[in-house]
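Peer 1: Protein chains in written order, with the working numbering: chain A, 13 to 369; chain B, 13 to 369; chain C, 13 to 369.
None of these hints come from the bench; they were simulated from the model. A quick note: this is a predicted structure, and the numbers were derived from the prediction, not measured. Treat each hint with caution, since some may be false.
Just so you know, same-sequence chains aren't split out, so a pair can sit in one copy or run between any two.
[Stated by the list, open to error] In silico SDA-like cross-links for lysine to any residue, where the CA-CA straight-line distance does not exceed 20 Å:
#: 1; residue 1: K202; residue 2: V297
#: 2; residue 1: K364; residue 2: I352
#: 3; residue 1: K340; residue 2: R329
#: 4; residue 1: K92; residue 2: K202
#: 5; residue 1: K202; residue 2: G295
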Amino acid sequence: MKLTIDQIAEAIEATVEGDGSAVIEGLSGLQEAGPGELSFLANPRYASAVAGTKASAVIVARDWQGVCPCPLIRVDEPDKAFAQAAGMLLPAPPRPAPGIHPTAVLAGDVEIGDEVSIGPCCVLEAGVEVGDGTVVSAGCYLGQETIVGNECRLYPNVSTRERTRIGNRVVIHNGSVIGSDGFGYFPDEKGRWQKIPQVGTVEIGDDVEIGANVTVDRARFGKTVIGDGVKIDNLVQVAHNVCIGEHTAIAAQTGISGSTTVGRHVRLAGQVGVAGHVDIGDGAVAGAQAGVTKNVPAGMFVSGYPAVNHKKAGRIRAHLMRLPQLKKKVNELSRRLSDIEQARDAGQADQKTGNGS
Amino acid sequence: MKLTIDQIAEAIEATVEGDGSAVIEGLSGLQEAGPGELSFLANPRYASAVAGTKASAVIVARDWQGVCPCPLIRVDEPDKAFAQAAGMLLPAPPRPAPGIHPTAVLAGDVEIGDEVSIGPCCVLEAGVEVGDGTVVSAGCYLGQETIVGNECRLYPNVSTRERTRIGNRVVIHNGSVIGSDGFGYFPDEKGRWQKIPQVGTVEIGDDVEIGANVTVDRARFGKTVIGDGVKIDNLVQVAHNVCIGEHTAIAAQTGISGSTTVGRHVRLAGQVGVAGHVDIGDGAVAGAQAGVTKNVPAGMFVSGYPAVNHKKAGRIRAHLMRLPQLKKKVNELSRRLSDIEQARDAGQADQKTGNGS
Amino acid sequence: MKLTIDQIAEAIEATVEGDGSAVIEGLSGLQEAGPGELSFLANPRYASAVAGTKASAVIVARDWQGVCPCPLIRVDEPDKAFAQAAGMLLPAPPRPAPGIHPTAVLAGDVEIGDEVSIGPCCVLEAGVEVGDGTVVSAGCYLGQETIVGNECRLYPNVSTRERTRIGNRVVIHNGSVIGSDGFGYFPDEKGRWQKIPQVGTVEIGDDVEIGANVTVDRARFGKTVIGDGVKIDNLVQVAHNVCIGEHTAIAAQTGISGSTTVGRHVRLAGQVGVAGHVDIGDGAVAGAQAGVTKNVPAGMFVSGYPAVNHKKAGRIRAHLMRLPQLKKKVNELSRRLSDIEQARDAGQADQKTGNGS
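So here's chain A without its partners, still in its complex pose (with noise of 0.2 Å):
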């Protein structure tokens, strides 16, 4: 696709500094664009590359001070116009043909909605039920009864276990995995596990996106909730009978443990870990490889490990680096200390001779 300066800005409410004409037909960052390109200014992290770019536009702050040897297209907010810029321009994922595959297999009494695509080397088995305009990638695998909601997008591979419960407009990427069975087990008196049966389900609500190689259990009874507009990464593990809040965002390679409750519009980092039956209260945040071992309350911004508040954990880091210099510190004083006492210690037993002054 091919617009204009002036086109791209009028279509997102900006106003343009510079010459409008120019079109564009791709977008890049800073450093990489060249001509033909869009380029955008969010993290002031990257002031420094706007005079030096070979960008044909950049988007900016309304209040962006700075030399850029191109127009620059200025906005309230560059990150989210970026965004609606680089939809009107760039190829969304292409979107297969509606139909049934061939060499996909359906239950008999499989429930298919309008418009769907279900792919090449699918498993739909008994009861599955799938909404309007859903996407059913090549070799997905939907468990007995699992029901998909309208204008869903599965990536191939992706398997849900029996009974799991998908909302509306849900995308999961590739190879992820629905409602695998729970981690439960109690030793017999010989310290054999022995299998505590997973025969909860899980649930998703709508506008969800899963990640790539996720992994969410099934509850051991009940469910294993996803809320809404729920955000997860790639190769996130979401343990049984966990409960996610609406709106919270979760990046890769975070660990969930049993049992535990995330909020609302909760944000954890990456490689966080959470141990179960902890609740994270609505809007709290973890940094990235924090281990979150106890409730975390509402608002709260933790890290480290084991976590605490934010400020506290970055004071403790700090001390922490300096900890050889408070060693030094400390054999410092105690010498000196013992220089006091040694002399003192002489001045007693100068008395002690008559020896004083």
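Following the hints, put chains B and C in place on chain A, whose structure we already have.
Peer 2: For chains B and C alone, kept in the frame of chain A given last:
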């Protein structure tokens, strides 16, 4: 399935306290349960939820003291009893009928036992053997000469590489990979990595359960071994030549590096990392996110990075959390010491000038 | 394959110490090896196992000193020599015959080179190109316009998204996902996440090896790049717009956040986390479980969280382990200081009351 409280109690050798005639048809947590549902109290943390439960019966320990609005079912081990009740009341995972699906692709010399189910789009390469009563679900791939024992269940999209050996009653969840190459290279004179052939195999014992999207690498030579009764959670990495002893349990996202030996009845919590060429003794435990860098004696509980005795790690963490206060105290000592030194130095100066007391 | 010790030694340019006529038909570790097997000593840690080995020959360094019950094969690099011997003695992974399996589903315009093998249940979308001698195993999915070079091997259930580019001699293990969407959203006025289109691609160089169940995200725009000769272990996450330099090695379960640049010949150990928008210089190394939060200079070895110079991190950890003792010492200093202060204060009181010496 519907059973009365008395029927359940009889089956699990329990004592009923209250009216045992009510009908139970489901299970749930103390807080989520409603009429007709059975709940249980195993974790003392939830004791306060018993008084307010809407369940129709609660399984508790024989000596539990407390108020409950519904009949109690007293047992020795509530966890175990609840698991047994779950097995009676709730549906087991649906089991496909025996037979080979017409879309499965089997090499000519594959050996299939009695009552085996091979699902749609499975691929079984030359020399594969599958034992009696085993279910190989849709989309599984069994590499050359893979041998799977009796009564196993491979969920969809599991894949094995050539010469993998799997025992009896083994369960492997969706998307797991058994027998991929170990990570072994040596640098050539230009620092380019040259591959060390990974020509060993993987051997999995009886009664093993492996979660979803797990990776178990084949040995460089010899074999990677997973002992009888081992339970592995989702997204775990088991590197080449690792040997895991019987009845060990490994929680999600833990990784075990090459040539490490893990003993019997060991428990590794979630997101643990174990270095290569390390021995973990029988019955040892590693806490969540621990970084195990050296041998762990049998029975020791370690945590932290680098992992040390858990009690020591706890003490160190407690001191770490109070590090800012320690620094403050050292600063205060330093000031007090300076005061004394100044007084001393002033005194000595006085003496030198004949200005003493 | 069977070879005499002399035949192996000749092929790997080694010197035999002892009788070179014995026949070797397998390889194993020093402790596991039996008659007819070759072993090796590369890691000094295992030197004590040489004396007790039951192997028929052991590869050691030219200058190794020690007692061995069997003939020695002396070489410059035992690791490399053993790998070469393994390549001669042991079976390479079975290679499917060229051809397109009848159950594979190929779009009309797919371009397939010579001697290519496309396995059962593979799906190749429109515009896909596969180079000469490449093996695409069972259940792989290649999205629209994916280009795979010559002599590659994609193991079962690998999937790529549209416009992925893969070089020559690339190996990708089972279940890995190349080109899934990056994790990019911005919050709307109600805190609901709005998706930023991920319209870039992934470009993988020559001689790359990627482990099992790895995820490599496509760029937001532009491309995610994995350079020539890069080796990636299982369950690694590579986020959008990451650029990984040539001949870098990344161990299992490591995650690299968006827009980070990793240099050439870098080594990241297992379970490392790298923050977004960070630069890691050529030849840098990150220790296991390190949390890299800022730029790492070329050649620096970092570890810990936050990752700092490895020697500094080691010193800090050593001090940390002795923190309880430091606290004790500070308490002792405080007591000694109080003693002195009390004596001083008593002395001053004496002076005030005319009770001095």
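Peer 1: Now look at each hint and say whether the structure bears it out.
Peer 2: Cross-check of the supplied hints:
1. K202 <-> V297: Intra 42 Å, inter 17 Å, cutoff 20 Å: inter-copy only.
2. K364 <-> I352: both (18 Å within a copy, 18 Å between copies)
3. K340 <-> R329: both (18 Å within a copy, 15 Å between copies)
4. K92 <-> K202: between (59 Å within a copy, 14 Å between copies)
5. K202 <-> G295: Between. Shortest inter-copy distance 12 Å satisfies the 20 Å Cα cut-off; intra-copy 45 Å does not.
Every hint from the earlier list agrees with this structure, and none is contradicted.
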